[in-house]
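Protein chains in written order, with my numbering: chain F, 896 to 1530; chain Y, 17 to 352.
Simulated from the structure, these hints should not be mistaken for lab results.
Each hint should be verified, as a subset may be incorrect.
Claimed, not checked - DMTMM-like, lysine to aspartate or glutamate: derived pairs with alpha carbons at most 20 Å apart:
1. F:1155 - F:1497
2. Y:325 - F:1040
3. F:1309 - Y:90
4. F:1309 - Y:104
5. F:1507 - Y:93
6. F:1309 - Y:93
7. F:1036 - Y:223
8. F:1507 - Y:92
9. F:1309 - Y:98
10. F:1205 - Y:177
11. Y:325 - F:942
12. Y:213 - F:1422
13. F:1309 - Y:92
14. Y:87 - F:1387
15. Y:87 - F:1313
16. F:1507 - Y:98
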Amino acid sequence: MKKNQYPILKLGMTRGLIGFVIGMLLGQALVHVIRLIMRLPFNGTLDAVWVVGGLFATIGFMYGVGALDAWIKSALGEEVTDHPEDDPSWPSWVRYFSFSVDHKVIGIQYAITSFLLLSVAGLFALVFRVELVQQGLQIFKTGDEYNTFMSLHGIVMIGAILLGIGAMTNYLAPLLIGASDMAFPRINGFAYWINVPAAVLLLSSLFLGGVNTGWVAYPPLSVRAPLGMQMFFLGVYLIGISSIMGGINVIVSVVYMRAKGMTYFRMPIFVWTALATAIISTTATQLIGLSFQMVMFQRMLGMGFFDPAKGGNPILYQHLFWFYSHPAVYVFILPGLGIISELLPVFSRKPLFGYRWVAMSSLGIALVGFFVWAHHMFTSGMEEYLRVPFMYSTLLVAVPTGVKFFSWVATIWKGKLDLSTPMLFALGGVAIFLVGGLSGPPNGTVATDLHLHDTYYIVGHFHATMFGGFIFPFMAALYYWFPKITGKMYNERLGKVQFWLLFPAFYVQSFGQMFAGLLGMRRRVADYPGMSQLNTPHLLVTIAAFVIGLSVLILFYNLWVSAVKGAPAPLNPWRSRSPEWMLPSPTPVHNFRDQPFEVVGEPYDYGLAGSKYYVEIPVHGDAGTPAAGAAVGAD
Amino acid sequence: MKHVIGVVLVIALLTVGGLFVLTPANLLPVQASAQAVFIDQLFSYQFYVISFLFALIMGLMIYSVIVFRRKPGDMEDAQHIEGNTPLELAWTGIPLVIVVIFAIIGSNTLASVLRPDPKALEIKVTGRQWAWTFEYPEYGVSSDKLVLPVNKQALLLITSDDVLHAFWVPEFRVKQDAVPGAINQLRITPTKERKFKLMCAEICGRDHTFMVADVQVVKEEAFKEFIENSKVPTDPIARGEYWYRTQGCKACHNTDGAAGGVGPTYKGLYGSQVELEDGSLVFADELYMKESIINPNAKLVKGYGATGKSAMPGNFGNSLTPEQINEIIGWIETLK
Chain F
896 MKKNQYPILK
906 LGMTRGLIGF
916 VIGMLLGQAL
926 VHVIRLIMRL
936 PFNGTLDAVW
946 VVGGLFATIG
956 FMYGVGALDA
966 WIKSALGEEV
976 TDHPEDDPSW
986 PSWVRYFSFS
996 VDHKVIGIQY
1006 AITSFLLLSV
1016 AGLFALVFRV
1026 ELVQQGLQIF
1036 KTGDEYNTFM
1046 SLHGIVMIGA
1056 ILLGIGAMTN
1066 YLAPLLIGAS
1076 DMAFPRINGF
1086 AYWINVPAAV
1096 LLLSSLFLGG
1106 VNTGWVAYPP
1116 LSVRAPLGMQ
1126 MFFLGVYLIG
1136 ISSIMGGINV
1146 IVSVVYMRAK
1156 GMTYFRMPIF
1166 VWTALATAII
1176 STTATQLIGL
1186 SFQMVMFQRM
1196 LGMGFFDPAK
1206 GGNPILYQHL
1216 FWFYSHPAVY
1226 VFILPGLGII
1236 SELLPVFSRK
1246 PLFGYRWVAM
1256 SSLGIALVGF
1266 FVWAHHMFTS
1276 GMEEYLRVPF
1286 MYSTLLVAVP
1296 TGVKFFSWVA
1306 TIWKGKLDLS
1316 TPMLFALGGV
1326 AIFLVGGLSG
1336 PPNGTVATDL
1346 HLHDTYYIVG
1356 HFHATMFGGF
1366 IFPFMAALYY
1376 WFPKITGKMY
1386 NERLGKVQFW
1396 LLFPAFYVQS
1406 FGQMFAGLLG
1416 MRRRVADYPG
1426 MSQLNTPHLL
1436 VTIAAFVIGL
1446 SVLILFYNLW
1456 VSAVKGAPAP
1466 LNPWRSRSPE
1476 WMLPSPTPVH
1486 NFRDQPFEVV
1496 GEPYDYGLAG
1506 SKYYVEIPVH
1516 GDAGTPAAGA
1526 AVGAD
Chain Y
17 MKHVIGVVLV
27 IALLTVGGLF
37 VLTPANLLPV
47 QASAQAVFID
57 QLFSYQFYVI
67 SFLFALIMGL
77 MIYSVIVFRR
87 KPGDMEDAQH
97 IEGNTPLELA
107 WTGIPLVIVV
117 IFAIIGSNTL
127 ASVLRPDPKA
137 LEIKVTGRQW
147 AWTFEYPEYG
157 VSSDKLVLPV
167 NKQALLLITS
177 DDVLHAFWVP
187 EFRVKQDAVP
197 GAINQLRITP
207 TKERKFKLMC
217 AEICGRDHTF
227 MVADVQVVKE
237 EAFKEFIENS
247 KVPTDPIARG
257 EYWYRTQGCK
267 ACHNTDGAAG
277 GVGPTYKGLY
287 GSQVELEDGS
297 LVFADELYMK
307 ESIINPNAKL
317 VKGYGATGKS
327 AMPGNFGNSL
337 TPEQINEIIG
347 WIETLK
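Next comes chain F alone, as it looks inside the complex:
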């Protein structure tokens, strides 16, 4: 029984939250003290108090959770262990609530936090979907209450998706390239934990007056918005820092820590998408951070970046914002598309059709993605001549995306398809991403976008890309690697039930939204007075949203029950060629340290007699020798 008596105060999470509260109080007090000393009059807003408080709270949290320990120790000249082992006397759940440097623990931390935020954001959506069933205002008293729920649904979902991406890249990338961990394990832990205060700050905006701008937070509206807006900016800013750190880690790990013999074109295809994603996160995230910071400064310090009366320009914000936020869309979907490419060959028993083309298409999408941002601004009033070149670049995205679709279909063509739950989700992801992809060109073409912009058609379009490119593949990955993560099998029947609820419901939701949008349903409105043609689409979308919610509950139930008392999983349940399946499940802390391997063939040569992807390298007695894929260094 000793194992269960872990002191709750020793838990990193508890200490972090205590640090958060202390930091918040210190930061707020500091601003008040400075005001008193400088005899500044109270200017009517608490913006600065809460922002400085939030910053100090974040530092307090990171200190409390232990993310700064090693750096502080090394600054003081004390000895620091590179990759400290967990204390074996701890119960195993403790490591998930504490600072860890094991990429698998971090991956699971990301995944669980992601699901928590997805659920919160999903609940927000269900609330305002009920509001939209009928004309008139029923649940919300004012438009701003609706705006708060709608805005937070959007931005919390985006945070949740970024965390989900973190989950997939952190858990999978080192395992798939044969590394023992990420290149910078401590940065990895830091990058995860900073999301926790970020999420707390982001959600606190609900209680600090709300947010009434939608997730894009365009000034001048966001300059006039309530205090909650600052917490929104600060929260996203911190998630952005996490995203940049995570991206650097992935790039360095993939470049330096691949197993012996694993050339770039022999990497599992998911790693290509993780790399493309990481390149985008490390180079574009700064722009959204900057644009949010500029609005924060405009609010707190009166700097007129986006205020025409002070020589500023509201359109400038939109350029900065979309320079990240469009490529970010590819951050959200590329790893998911990688999962689809990874799973289809395994469940079709056929090689991935045109591996190199699929790999290059990810880089192609990432590259073209940098040159399309202004298609979000076709009606904004930016220089008119800019609209045509951005239309060309936007439509160009269809080419590498098309390569992916055709290669997927060619992969399953004449295969031997096993329709287990992960495969169903992968195929479902393709079928839904197709809706998202094909509904894109009318938005990308200026003339038709003049009608579609800021309508439910756009809402339908991007929900389809997010579900097809992230939600479905994320769930596919969860089912597929569940035996690897837990050593247990999930319940196949419940998995299929979930799929057959989620898939049709999503089609109804997506088509319902697009249909309403074409007919004239605006985005971000609490009501549609006098538009009776929209009653039925809205009712259907709401019913579909609740079915989606139900299917997610089934997923949670399945994962929970299976993790606790599922049947033990075989070593390689999917007969995959990928190296992670040679290790015992759950995977030992240092992955391949005691079982290195050399890549000798192609990853997806299913059906080629006698071919091997890798051979194991025999290990000689001395276990202390750093083997292939050891961490390249301390950070």
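With chain F held as given, fit chain Y onto it using these hints.
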């Protein structure tokens, strides 16, 4: 070969189904402007291609899922096909050509939509939280309702007094943001004589949903009549009411005494005791009203300032002349 014929049949079937569903006439609102004709034509081209591509991928997938299922107990791998370079080149090259063609058609359509008529009727459109006003500079009149002569191009010069808004009448198809500090152009040639609703399409805060205005497309004679009736009145009291309607006050303040608006009602306001957020009482005289128009945060009326800030834009001191403000107050005094 058997499989090829099978899948082609599935694809053909799905394409026909898609074309049946995706017809612009079923999906789009009434077509009521000359610009909408070009846009709807482009929509229909896009819908053809979307129907086909959707059917192509879904057809191949549905066929594969049904026909290429693994037999129970079959542990063999499938045929080892790694790729096919000519095929890859084809499905990179052909979409590229289609994309360029569509970009060219798209550019031409845009050019048609933007084509200016030198004799266009200029109208200044101003959005503010949460109302639209329309000025006809040629005739020196303002209105809270957009009246357009049929079959004559209107050149809308769109701007905003506060935050971003967007001008959109779904039946006209085209949309344009209203940006403070900038004037954006939009050309519309209405073709149907009827009423429409102008809706703000860019989120602008609390009452964004309800930021709508009436649009009326009429014959030339009726338009002349509208202009005559919309001239600035000579009577100062009537002028106050005119500014109330055309300068944005009407969006938030009613005159029928009903509670629950964005701002307090004007009915019976003058000479009344107003309770403020801090519980104190003020006498609503001319000075109080003037201060509240120019600096809405100075005195927050109970029930309208719980957040510590007024919902009213703070720039009426700039957008209205002192005479206009006095005339509005003079008119409010008559609302018993």
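Do the hints match the structure? See the list:
1. F:1155 - F:1497: Distance ~14 Å between residue 1155 of chain F and residue 1497 of chain F Cα, so the pair holds.
2. Y:325 - F:1040: holds (16 Å)
3. F:1309 - Y:90: OK: residue 1309 of chain F and residue 90 of chain Y at ~14 Å, within 20 Å.
4. F:1309 - Y:104: holds (18 Å)
5. F:1507 - Y:93: holds (14 Å)
6. F:1309 - Y:93: Satisfied, since the Cα-Cα distance of roughly 11 Å is no more than 20 Å.
7. F:1036 - Y:223: Measuring from Cα to Cα gives roughly 11 Å; hence the hint holds.
8. F:1507 - Y:92: holds (16 Å)
9. F:1309 - Y:98: Satisfied, since the Cα-Cα distance of roughly 13 Å is no more than 20 Å.
10. F:1205 - Y:177: holds (15 Å)
11. Y:325 - F:942: holds (14 Å)
12. Y:213 - F:1422: Between residue 213 of chain Y and residue 1422 of chain F the Cα gap is close to 14 Å, so the pair holds against 20 Å.
13. F:1309 - Y:92: holds (13 Å)
14. Y:87 - F:1387: holds (18 Å)
15. Y:87 - F:1313: holds (9 Å)
16. F:1507 - Y:98: holds (15 Å)
Checked against the numbered hints given earlier, this structure breaks none of them.
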